[in-house]
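Undergrad: Listed here are the chains, written in short residue letters.
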Amino acid sequence: AQTVTQSQPEMSVQEAETVTLSCTYDTSENNYYLFWYKQPPSRQMILVIRQEAYKQQNATENRFSVNFQKAAKSFSLKISDSQLGDTAMYFCAFMTLNQGGKLIFGQGTELSVKP
Amino acid sequence: NAGVTQTPKFQVLKTGQSMTLQCAQDMNHNSMYWYRQDPGMGLRLIYYSASEGTTDKGEVPNGYNVSRLNKREFSLRLESAAPSQTSVYFCASSEFQGRRTEAFFGQGTRLTVV
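Chain order of the listed sequences is A and B.
Going by the working numbering, the residue at position 30 of the first sequence is 65; the numbering climbs one at a time, nothing skipped.
Going by the working numbering, the residue at position 86 of the second sequence is 130; the numbering climbs one at a time, nothing skipped.
Since the hints were made in silico from the structure, they are not lab data.
One or more hints might be untrue.
[What the hints assert, rightly or not] Here are the simulated DSBU-like pairs of lysine-lysine, each with C-alpha atoms no more than 35 Å apart in a straight line:
no.	chain 1	residue 1	chain 2	residue 2
1	A	Lys108	A	Lys137
2	A	Lys90	B	Lys101
3	A	Lys137	B	Lys53
4	B	Lys101	A	Lys137
5	A	Lys108	A	Lys90
6	A	Lys137	B	Lys115
7	B	Lys58	B	Lys101
Small disclaimer: the values here were computed from a predicted structure and weren't measured.
Based on the provided sequences and hints, a complete structural model is requested.
TA: Written out as structure tokens, the structure is:
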């Protein structure tokens, strides 16, 4: 069975600084997707970034980038130039290509950006 | 585009009552999911459906049943609600679309069982 672990329940960062959120996962599969989702207080789930496991190049989306280490089963999210609007809960997620796209999440990291 | 629509948004039940949470998506996705979100636990998968006519258990299926009525709709039923089922419930859908693959979520249902 796949598992996703986020070991940092809470983090804080000063505005304009850089922060890294950690995620590890466990799977025996070779092809899958990894995601980071953001959940602000509105409860809406917003996709931040995705990574296809067969791609070695780390995904980037503006201020957001990942460090994908397939052998270590690690998928961390780096937020550069943090903004107050980045304050939210962040979830790491794993989607298997087998089992009909089963999608499981980590426990979440609550990020606070301080002015 | 409506995306994923969940009803109701809020519900209070008494212990032992039953209810069905409804979910519909208009994106022609094959996969659909039900999650519950509790503080410190993240989103835990209750059931999912890879396609119309199929359902599979997730991490926490006990006390729940699901129906994939057609490709658009995936309902979650609590037959005899318990206080431990107080939570926020999310429905989601997804489709494998290469570099556009992602899951889309409903706005959630806050359920309180008293």
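Undergrad: Does each hint fit the structure? Answer for all of them.
TA: Cross-check of the supplied hints:
no.	hint	verdict
1	A:Lys108 with A:Lys137	holds (18 Å)
2	A:Lys90 with B:Lys101	holds (30 Å)
3	A:Lys137 with B:Lys53	holds (25 Å)
4	B:Lys101 with A:Lys137	holds (10 Å)
5	A:Lys108 with A:Lys90	holds (14 Å)
6	A:Lys137 with B:Lys115	holds (17 Å)
7	B:Lys58 with B:Lys101	holds (26 Å)
Hint check: no violations occur; every hint is consistent with the structure.
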